[in-house]
Amino acid sequence: MKTALNNLVECLGGLERISRTPIPLAYSVHLAHATWLFILALPFQLIGTLNWYTIPTVTLAAFALLGILGIGLEIQNPFEDEYNDLPLNEFCIELHEEILLILGHRMPTPESWLLSSKNHPFGTIDHISRFTISCLCYATLG
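Just so you know, my numbering puts 503 at position 45 of the sequence shown, and the rest follows in order with no gaps.
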């Protein structure tokens, strides 16, 4: 139980580091400037080979690159309450229910289920219980 709680605290710490460490402003500004510079220089590189097809080609390239840039800015902080963010409330409710379920039941001892006739390690199709397998192994190995 203590190990599970330590794992939960460790996961929480990792999520807090992600939440509190935004992408640096200089990186975002540089990425936007480099994208726009590429889009503005692209027609001059393509006009000699594509002629009038340069316009739709640059339009599609700009759409793709600016879309990727916009997606990057949108998902840089996934822990807010916007449309494209993670559904944290649902995650927390599900985690809360699982923890209550775990705390509400005692952990069964291995003796109560390991040699039970209801324990089917190879699935219920073969109808061979763990107890039968252990008896067969004991009889074979002697």
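Hints are supplied without guarantee of correctness; some may be wrong.
The following label-pair restraints were derived from C-beta to C-beta distances [what the hints assert, rightly or not]:
no., residue 1, residue 2, range
1, A519, G562, 28 to 38 Å
2, A462, A522, 42 to 52 Å
3, Q534, P566, 18 to 28 Å
4, T507, P482, 13 to 23 Å
5, L559, P514, 31 to 41 Å
6, A499, L558, 33 to 43 Å
7, I557, Q503, 17 to 27 Å
8, L559, N535, 30 to 40 Å
9, F537, I557, 14 to 24 Å
In silico SDA-like cross-links for lysine to any residue, where the CA-CA straight-line distance does not exceed 20 Å [claimed, not checked]:
no., residue 1, residue 2
10, K460, G471
11, K460, R564
12, K460, T590
13, K576, T590
14, K460, T567
15, K460, E555
16, K460, G528
17, K460, L559
18, K460, C593
19, K576, E555
20, K460, P566
21, K460, G472
22, K576, L561
23, K460, K576
24, K460, E556
FYI, nobody ran anything at the bench for these hints, they're computed from the structure.
Even glycine gets a Cβ: it sits at the ideal position worked out from N, Cα and C.
**Prompt:** Are the Cα positions of K460 and G472 separated by 20 Å at most?
**Reply:** holds (18 Å)
**Message:** Can you tell me whether the CB distance of L559 to N535 sits inside 30 to 40 Å?
**Reply:** holds (31 Å)
**Prompt:** Taking 20 Å as the top limit, are the C-alpha atoms of K576 and E555 close enough?
**Reply:** Judged against 20 Å, a Cα distance of about 27 Å means the pair is violated.
**Message:** Holds or violated: K460 and P566, Cα atoms, limit 20 Å.
**Reply:** holds (17 Å)
**Message:** Next pair to validate is K460 with T590; report whether the Cα-Cα distance is within 20 Å.
**Reply:** violated (35 Å)
**Asked** Regarding the pair K460 and E556, is the alpha-carbon distance no greater than 20 Å?
**Response** Holds - the C-alpha atoms of E556 and K460 are around 16 Å apart, at most 20 Å.
**Request:** Take a look at whether the Cβ-Cβ distance between A499 and L558 falls inside 33 to 43 Å.
**Result:** violated (59 Å)
**Request:** Quickly compare the C-alpha distance for K460 and K576 to 20 Å and report which way the hint goes.
**Result:** violated (30 Å)
**Request:** Determine whether the Cβ-Cβ distance between L559 and P514 falls within the hinted range of 31 to 41 Å.
**Result:** violated (57 Å)
**Request:** Hint says 28 to 38 Å; check whether the CB-CB distance for A519 and G562 agrees.
**Result:** This hint is violated: roughly 57 Å between Cβ atoms.
**Prompt:** Are the Cα positions of K460 and R564 separated by 20 Å at most?
**Reply:** holds (15 Å)
**Asked** For the pair supplied as a hint, K460 and E555, is the alpha-carbon distance within the 20 Å limit?
**Response** holds (19 Å)
Checked against the numbered hints above, the structure breaks hints 1, 3, 4, 5, 6, 7, 12, 16, 18, 19, 22 and 23 and satisfies the rest.
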